[in-house]
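Residue numbers for the sequence shown follow UniProt numbering, beginning at 1 and rising by one.
Straight-line Cα separation of at most 25 Å, PhoX-like style, residue types lysine-lysine; simulated pairs:
no. : residue 1 : residue 2
1   : 245       : 131
2   : 189       : 134
3   : 149       : 241
4   : 137       : 149
Everything labelled a hint here was simulated from the structure, so no lab data went into it.
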Amino acid sequence: MISIIALLFVASFSAETTNAFTVLTSTPFRTHTNLNQMQEIGDGENDSKRNFMLSSRREIFRIISGCVTFGALLSPTSSRAACLSGDPSPDCIGVYKVPIDDAIESYIDTPENCAKFAPDLNWVPIPQSPKSPKLAKEELLTMDARLQKTIALVQKGDLTNAGVEVLSIIPRVTVAGRVVVSHLESDSKTSMRALRYENAHYDVLSSLGSSDIVLGQAIAGRFGSITVAQIQVLEELNDAKASFKELLRAMPDDM
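My request is simple: use the sequences and hints to build the entire structure.
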């Protein structure tokens with residue numbers, strides 16, 4: 001039997017996939033550009049094209065991950081096809097995370113509901129939002145510092161603990177970022193800043209999501225040598241760090 005979480009995944013992923021391919025197919029770019037060439041775009045072309053290519057790569061990662069995950073969700077033999085957001089188990093590195101969404105919350109808000117509607121998932125409490133914009137800002141600063149420590153773990157070759165850190169960072173950035181967006185949107189004086197912040201928030205989460213996927217692949221040995229794995233993971237984490245810098249810059253100093 002297909003669980004309610006699988007059905008909800010189909011609906012949310014289908015919408016995201018359609019939007020991603022709309023962007024990818026409606027915006028012209030050189031068809032011969034590959035992942036290695038993306039790093040060189042900034043040398044001879046403007047930053048906006050480089051940002052587009054990086055964003056496109058993240059969308060591709062999400063689409064590939066989603067396709068693999070949906071197949072796993074339908075498989076009765078898959079033990080960790082998906083995890084709840086906030087589950088720190090190393091088994092959750094690189095697999096689909098049930099999104100933090102009001103539409104899903106009532107199905108997984110208690111161990112009993114989770115066992116009823118998504119019995120294959122390990123129950124963990126739904127991540128709670130900070131109580132104020134100020135606390136949200138403080139938490140985002142803390143997550144930024146943790147991301148730097150995560151990069152250091154990867155440099156040392158400790159990919160599993162780096163993956164666990166990413167598992168913890170993503171849900172906190174999600175809920176804290178939403179509090180800041182709501183705060184900025186509530187004031188007409190900061191409405192334009194809210195758009196800039198929301199875009200940066202999306203970029204951070206996209207980069208972190210890609211990092212999670214690549215870490216899962218690296219831990220599974222799909223890159224071969226540890227050096228190659230480190231290079232791939234660090235590229236994603238450095239993208240996340242750069243996006244985090246823009247996120248923090250978009251926040252008002254007096255918040």
